[in-house]
Each structure stands twice: as C-alpha cells, then as structure tokens.
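Engineer: Chains A and B, in that order, are what the protein sequence lines are.
Quick note: the first sequence uses numbering that gives the first Met the number 0, first residue 0, plus one each step.
Quick note: the second sequence uses numbering that gives the first Met the number 0, first residue 0, plus one each step.
One thing to keep in mind: the hints can contain errors.
Partial list, computed: chain B residues near chain A (C-beta under 8 Å) [unchecked claim]:
hint : residue
1    : D20
2    : A24
3    : S55
4    : F56
5    : D63
6    : V84
7    : M86
8    : T87
9    : G92
10   : D97
11   : R99
12   : A101
13   : D103
14   : E105
BS3-like cross-link-like pairs, simulated, lysine-lysine; straight-line CA separation at most 30 Å [to be verified]:
hint : chain 1 : residue 1 : chain 2 : residue 2
15   : A       : K57       : B       : K59
16   : A       : K107      : A       : K26
17   : A       : K107      : A       : K121
18   : A       : K10       : B       : K110
19   : B       : K6        : B       : K74
20   : B       : K110      : B       : K59
21   : B       : K34       : B       : K110
22   : A       : K126      : B       : K59
23   : A       : K26       : A       : K121
24   : A       : K107      : B       : K59
25   : A       : K69       : A       : K57
26   : B       : K6        : A       : K26
27   : A       : K126      : A       : K107
28   : B       : K74       : B       : K110
29   : A       : K126      : A       : K69
Keep in mind that the hints were calculated from the coordinates and are not lab data.
Ideal Cβ positions, reconstructed from N, Cα and C, are used throughout, including at glycine.
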Amino acid sequence: MDFQSCVNIQKEWDIVGARQLGRDRAKSIGFGTVDQARIATAISELARNIYLYAGTGKICFETIDEMSQKGIRIIATDNGPGIRDISQVMEDGYSTSGGLGAGLPGVKRLMDQFDIVSNPGKGTEIKTIKWLR
Amino acid sequence: MRIPILKLHNYLLISIQIDLDDQTAIQFQEDLLSKIHQSGATGVVIDLTSVDIIDSFIAKVLGDVVTMSDLMGAKVVLTGIQPAVAMTLIDLGIHMQDVRTALDLEQGLIKLRQELEE
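Please model the complete structure; the sequences and the hints are all you need to start from.
Structural biologist: Structure follows, in structure tokens:
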C-alpha cells in the first residue's frame, strides 16, 4: 500500500476538488480515460453525499500496489447522522434529497469493491476499490 | 462562474468547457431559461465535448433544463458526449431517454433544423 492523501469536504467546491485529485491519482496509477471518468464520478457521488447529508467529512485516496494487482482505494468518512437502512439507500431511484437516487448504487457499479459501515448518530464510512486491469 | 450563451439567428449555442460545480450548473439553468425568454430562441445546442465528468447531479440539472426549455417552447440538443461519459452515465443508471442528442455541434444544428421545420 502506498501513501494516502485526503480532501476535506466542507463546501460545495470541495466536491470538484476531490474528484480532480482522485482523477489525477487514478491517471498516475495508470488507469485509462474511461476508468478515470468512472473513478472521478464515483468520488463526486461520495463527496456530494457527505456535503448533502453529513455537512462535512473527508475523502481519502490510497494507491494499492500489491504483488498481483494495482488499484485505487477511496475511503469516504463522515460524522453525520448515519444511514438507518442501508439496503434502502442501495436501491436505484431511492432519494431523500430530490436527486436521481443514482448515487450509492451507481458508485457500486462504477467501482469493483464496495463496503459501507454506518452507525446511526455517529457517521458513515464507505470504502471502495477499483482494480487496474 | 457563468457559462457564456451565444445567440445565432434563432438558436442559442452553449459550449461547456469547465469542470461543472453544482452552483455553476444551477446558475446555467437559470441563465439559459431567461435567455430563451429574452431572445425567443426556438432551438438550443449544449455542446459537452470538453466535459469529462457528468455525475448524477449534473445529469439531473441537464435533464431538467432540457424539459424546462421544452416547456417554454425551445428544443434542446445535447452534443459531443464523450465515450467515457456515456459509459459512466449508464453505469450510474442514468439513461436520459427523452433527451435529444447528436454527435457534434454540426449534427446538432442539422437535427434542430429538421425538427423545427417539420
């Protein structure tokens, strides 16, 4: 595992900052343009969720460089209200904000691995990985 | 930040060349609708050639502005959607089926002219 870099999500513009940083990191790992777009879009969805539902939080990027495979790990953490029913937010079209409800299920499809841990009242942590093929 | 909207005869032309943040996208929605109102334009081309990310929020804003413009009587064509953007949108589950699209600005203008002359 390589060094970690983080972006704090506090204002709307940080969503753009996070996805630009993530895209640069993905590019330097060697991802092609389509996967760079997938990774940047996933980051954008995660960052917007933090901004909309938790107010503040952070997104961290790690380069994974193991014997057999390389990839990028994105960790989104916040201390917001948490998610009471995770299966509900993973349903396509479910939204409490008037959005398209494409966010989390979309992120899961854009990436290869997706883990979510949420404690109501304490916050949410989402870890997701895209492998370089 | 404001996205420039150009008028050409009875068309409005927009080329989005920046990484869109939420506020700019919302501002663009308002600007385009008031420009349609002022100019009486009947066709709009929004060129997305330089856009390399469309997330669910931006997709919603774009889809909404197409519907809103339709309500006002102006037809909108989205042009130049990049391969990576098209693939990402489908992964997100966003199909934009009711939206007119064309390969590039030129094709977009041809499509508008055909639709408006019908």
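Engineer: State for each hint whether it applies.
Structural biologist: Hint-by-hint comparison with the structure:
1. Annotation: interface hint on D20 (chain B) holds; nearest CB of chain A at approximately 5 Å, less than 8 Å.
2. The interface hint given for A24 (chain B) is violated, since its Cβ lies 10 Å from the closest Cβ of chain A, which is over the 8 Å cut-off.
3. Interface hint status for S55 (chain B): upheld, as the beta-carbon distance to the closest one in chain A is roughly 4 Å, under 8 Å.
4. A cut of 8 Å between beta carbons decides the hint on F56 (chain B): the least distance to chain A is about 6 Å, and the hint holds.
5. Checking D63 (chain B) against chain A by beta carbon gives a least distance of about 10 Å; that is not within 8 Å, so the hint is violated.
6. For V84 (chain B), the shortest C-beta to C-beta distance to chain A is roughly 6 Å, which falls under 8 Å, so the interface hint holds.
7. The criterion of a C-beta within 8 Å of any C-beta in chain A is met by M86 (chain B), whose closest approach is roughly 6 Å, and the hint holds.
8. The interface hint given for T87 (chain B) holds, since its Cβ lies 5 Å from the closest Cβ of chain A, which is under the 8 Å cut-off.
9. The closest approach between the C-beta of G92 (chain B) and any C-beta of chain A is roughly 5 Å, which is under the 8 Å cut-off, so the hint is satisfied.
10. Interface hint status for D97 (chain B): violated, as the beta-carbon distance to the closest one in chain A is roughly 14 Å, over 8 Å.
11. With a cut of 8 Å, the hint placing R99 (chain B) at the interface with chain A is violated, because the nearest CB-to-CB distance is about 19 Å.
12. The beta carbon of A101 (chain B) comes no nearer than 21 Å to any beta carbon in chain A, farther than 8 Å, and the hint placing it at the interface is violated.
13. Hint status for D103 (chain B) relative to chain A: violated, with the closest Cβ pair at about 18 Å, above 8 Å.
14. With a cut of 8 Å, the hint placing E105 (chain B) at the interface with chain A is violated, because the nearest CB-to-CB distance is about 24 Å.
15. Only pairs whose Cα atoms come within 30 Å are accepted, and K57 (chain A) paired with K59 (chain B) is accepted, the gap being roughly 24 Å.
16. Using a Cα cut-off of 30 Å, the hinted pair K107 (chain A) and K26 (chain A) holds, with the two alpha carbons roughly 20 Å apart.
17. Taking the CA atoms of K107 (chain A) and K121 (chain A), the gap is near 23 Å; set against the 30 Å cutoff, the hint holds.
18. Simply put, K10 (chain A) and K110 (chain B) have alpha-carbon atoms about 40 Å apart, too far for the 30 Å limit, and the pair is violated.
19. With a CA separation close to 14 Å, the supplied pair K6 (chain B) and K74 (chain B) stays within the 30 Å bound.
20. A threshold of 30 Å between alpha carbons decides the hint, and for K110 (chain B) with K59 (chain B) the separation of about 23 Å falls inside it, so the pair holds.
21. The suggested pairing of K34 (chain B) with K110 (chain B) holds, with an alpha-carbon distance near 21 Å, which does not exceed 30 Å.
22. Pair hint K126 (chain A) plus K59 (chain B) holds up; C-alpha atoms about 26 Å apart against a cutoff of 30 Å.
23. Restraint check for K26 (chain A) and K121 (chain A): the C-alpha separation of about 34 Å exceeds 30 Å, so the hint is violated.
24. Restraint check: the Cα-Cα separation between K107 (chain A) and K59 (chain B) comes to about 19 Å, which is no more than 30 Å; the hinted pair holds.
25. With a C-alpha separation of about 23 Å, the suggested pairing of K69 (chain A) with K57 (chain A) holds against the 30 Å cut-off.
26. At most 30 Å may separate the alpha-carbon atoms for a hinted pair to count; K6 (chain B) and K26 (chain A) exceed this at roughly 37 Å.
27. Under the criterion of a C-alpha separation no larger than 30 Å, the hint pairing K126 (chain A) with K107 (chain A) is consistent with the structure, at around 10 Å.
28. Among the hinted pairs, K74 (chain B) with K110 (chain B) is consistent with the structure: their alpha-carbon atoms are about 10 Å apart, no more than 30 Å.
29. A C-alpha spacing of about 16 Å is found between K126 (chain A) and K69 (chain A), which places the hinted pair at or below 30 Å, so the restraint holds.
In this structure, the earlier hints numbered 2, 5, 10, 11, 12, 13, 14, 18, 23, 26 are contradicted, and the remaining ones agree with it.
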